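Chemist: If you want the building blocks of each chain, they are given just below.
Protein chains: 2
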Amino acid sequence: MPAPPEFIKFVDNNSSAFIERLRAAVAIPSVSGDPSFRPRVIEMSNWLNGQLQQYGVTTKQVDLGTHVMDGQTLPLPPAILGRIGDDKSKKTVLLYGHFDVQPAAKSDGWDTDPFVLVEEKDGRLVGRGSTDDKGPILGWLNVLQWHHETKTPLPVNLLFCFEGMEENGSEGLDELVIKEKDGWFKDADCVCISDNYWLNTRTPALTYGLRGLVYFKLNVTGPGRDLHSGVFGRTVHEPMTDLISIMSKLVSPTGEILIPGVDDMVKAADMEERAIYEQLNYSIEDVESGAGGKIALSDDKATVLMGRMRLPSLSLHGIEGAFYGPGAKTVIPAKVSGKFSIRLVPPQTPDSVEPLVKSYIQSEFDKLGSKNTLEIELLHSGKPWVTDYKHWNFAAAITATEEIYKTKPDLTREGGSIPVTLTFAEALGANVLLLPMGRGDDGAHSTNEKLDKSNFIEGTKLLGTYLYEVGAIKAEGK
Amino acid sequence: MPAPPEFIKFVDNNSSAFIERLRAAVAIPSVSGDPSFRPRVIEMSNWLNGQLQQYGVTTKQVDLGTHVMDGQTLPLPPAILGRIGDDKSKKTVLLYGHFDVQPAAKSDGWDTDPFVLVEEKDGRLVGRGSTDDKGPILGWLNVLQWHHETKTPLPVNLLFCFEGMEENGSEGLDELVIKEKDGWFKDADCVCISDNYWLNTRTPALTYGLRGLVYFKLNVTGPGRDLHSGVFGRTVHEPMTDLISIMSKLVSPTGEILIPGVDDMVKAADMEERAIYEQLNYSIEDVESGAGGKIALSDDKATVLMGRMRLPSLSLHGIEGAFYGPGAKTVIPAKVSGKFSIRLVPPQTPDSVEPLVKSYIQSEFDKLGSKNTLEIELLHSGKPWVTDYKHWNFAAAITATEEIYKTKPDLTREGGSIPVTLTFAEALGANVLLLPMGRGDDGAHSTNEKLDKSNFIEGTKLLGTYLYEVGAIKAEGK
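So the protein sequences, as listed, match chains L and W. Take full-length UniProt numbering: the last position of the first sequence gets the number 478, and nothing is skipped along the way. Take full-length UniProt numbering: the last position of the second sequence gets the number 478, and nothing is skipped along the way.
Take every hint as true, because none was put in to throw you off.
The list makes no distinction among identical chains, and a pair is therefore deemed to hold if it is satisfied within one copy or across any two copies.
Pairs of lysine-lysine, BS3-like flavour, derived with a Cα cap of 30 angstroms:
#: 1; residue 1: LYS301; residue 2: LYS408
#: 2; residue 1: LYS294; residue 2: LYS371
#: 3; residue 1: LYS371; residue 2: LYS267
#: 4; residue 1: LYS371; residue 2: LYS106
#: 5; residue 1: LYS179; residue 2: LYS60
#: 6; residue 1: LYS301; residue 2: LYS335
#: 7; residue 1: LYS371; residue 2: LYS249
#: 8; residue 1: LYS358; residue 2: LYS267
#: 9; residue 1: LYS88; residue 2: LYS60
#: 10; residue 1: LYS358; residue 2: LYS249
#: 11; residue 1: LYS301; residue 2: LYS267
#: 12; residue 1: LYS371; residue 2: LYS301
No lab work stands behind these hints: they were computed from the structure. Since the model is a prediction, treat every value here as computed from it, not as a measurement.
Let the sequences and hints guide you as you build the complete structure.
Modeler: The structure is reproduced here in structure tokens:
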């Protein structure tokens, strides 16, 4: 059953107001990975809580306690639980989103202030969090607004779970989900998460798989303080030399993971599975357009797509404690921390990969014969996830997509990680649908992150229509 | 001829005022390597110019033009030329120093604000520039102050050359020295530079050799912007993977330079030369105390000292453009720039080493088969220098040291670089003496840089006494 035409019209007529609300959300720099921004993440929780309440949602802000980040004990931003509707004859859909964002600074290379939403002439709404994940959350608010203002009952009961630590390991959320599985979440028939992207810039997608993640920090220490390379060069073991040597042994220039056993866990695709990737509406040009450079690892489309969707990957993110500024500083840094992460796919799990990583790195470090000290930290982790895309939850979303976009969605596995997906699937025993709003070139986690205005508006329609299709399944007795 | 006892007494009685002046100098964050601090380097030039003028020094602030740093065209901080005394019967000593400093921030690990001088109970005067090189410059001001206030003629004529770009390649200074060799500097009989350190914490030193430097920046680019490792991991060539691979091939964990031909230029020490290093008042414990960790590359004292004084060294300083903050960011950085430098010793020169470095790195990059792009920049360079320590300029300094410190100085070669030393030596044809004020554990370029109060006060006496010893040589007809 399509959504009411009045709803569709309302969305078209209120795009300016919706964008203003997105501007207000982006203006709160809710960066969860930097202790100094923690009060702003909490401010964002309060702002969103108020938005939900004004549309009749019963909410509860949940204190998740404290955690330690960079040596500081910090309060975790409160998660928001919500509920609207209590009609036993309707299905109940649990919606998840996150209101925290990745770090961003103009000096990273943004063309504009990342926390001031800019509407470009080509329709891009540029700002940190525009697509990841404030735009999608606000899509749900837009749907709620019409039903509230017109006093139209929703076609389903809704449960909400919005958190503020997704970009930093979703700390505290697993415990909350498990605690509330027979409480706040007990009526959930299915879950919908809008926190990923189309494969390309043309075709809507539904996603039934995600890679997992293990994120490591390698600390190498030795000197008691930073040293002058003129005075100490070639007299002491330099932590940077050791760290760079270790980091160079993790991944090959063409993406193979060099840690013994990690790539081996994943069996190669057979011809049938390979065909799935060959048929996706995608090209090497799409990858290179998204990346902004002709740097694809292969000229074969299926190889590149499998690298993203069904193979693990290892990326070196950077080094904390070394010289990072402009200019020339002749320092021997005293303590350096290399950051890297591995994206996991089934059957890999953090528990199976972590010991391989640690023992390999320790043994490579031992080979260096350095007097410096190595410490290996696992900063956070999440299991990979794959689900059944023939479930009615996916069927509703496929029909809704066809109604709004007049095309079948791509059914994809995604390269990124949303660890809570698996938590919901396992704790609630419910089907989880990933229903993306943005495009493959949105640049989540990157400079100049954007959400296209058309994706924000049509995406709002899609979210609303999906709820009506779920409601219709119930009415038809499925 | 020792300095007048009244001068020695004046220095002892005015230590508090001298420290207050050092506090004022440290409070101006004259960081030459960061464009945003450039106005403060210029402010420092003006401050120092005023200090010299108040003691009767005739000065000229020289506009050195502009240069480009990080894409910005910036004015170079004006150098200060000075002259006091014009007695043809006296020797003329040219004094060099620099009033710019290395970058520093509390977040680098300083215990206190680096630009607020703190006098610790143990006598350490902690602050950026305290020992490198504001303390020594202020030592000369202290000497001038007594002669000015007591209307005592100086025992020599003095020329001054103080610059504000030493920590960033002394841009513009070579041209100035060459231009003024028959002008402002034409009467110089010798040069004295106080901008290095004792070998240990106990024994005054005179230095007759310095290592040179080539400082490189390796830029690897590919993506048009930073990418999300979930979306692009294992689909594109990652610049960090390429850069880390290259950086890992430059130096071994035990300090050998892996660039073919670089280490080979320097012949091994014979038994006689090795004996010089074995006899220095120094120990492995001194190195490790200075470094703050038990990380010496060898247990053999001469090996460690030769690594510092007569061998080239290669240090990896850091990466610009990668993730450097706390926490976990799953970014694939789009443009990363690795910074490293090589300290050079005779017969190496920047001209002989640069092509070896560039061709090796290019060939190693080519082997990676990456679609990313590599650019190799030489940020700055300076030749190594060794001089004759039997010259009367050194003899005067040896006698002065014995008078103030009651001990013979160590005669050392230094691991650091002061490229202008060679410029003065070559352009003026004059002997150059390095007469350090601070100790080996001062931590120039490091966190918690300090100058001990006793070194500041006794060092002021030493600088004054050295001038009297040079003057006496003239009187004795040498």
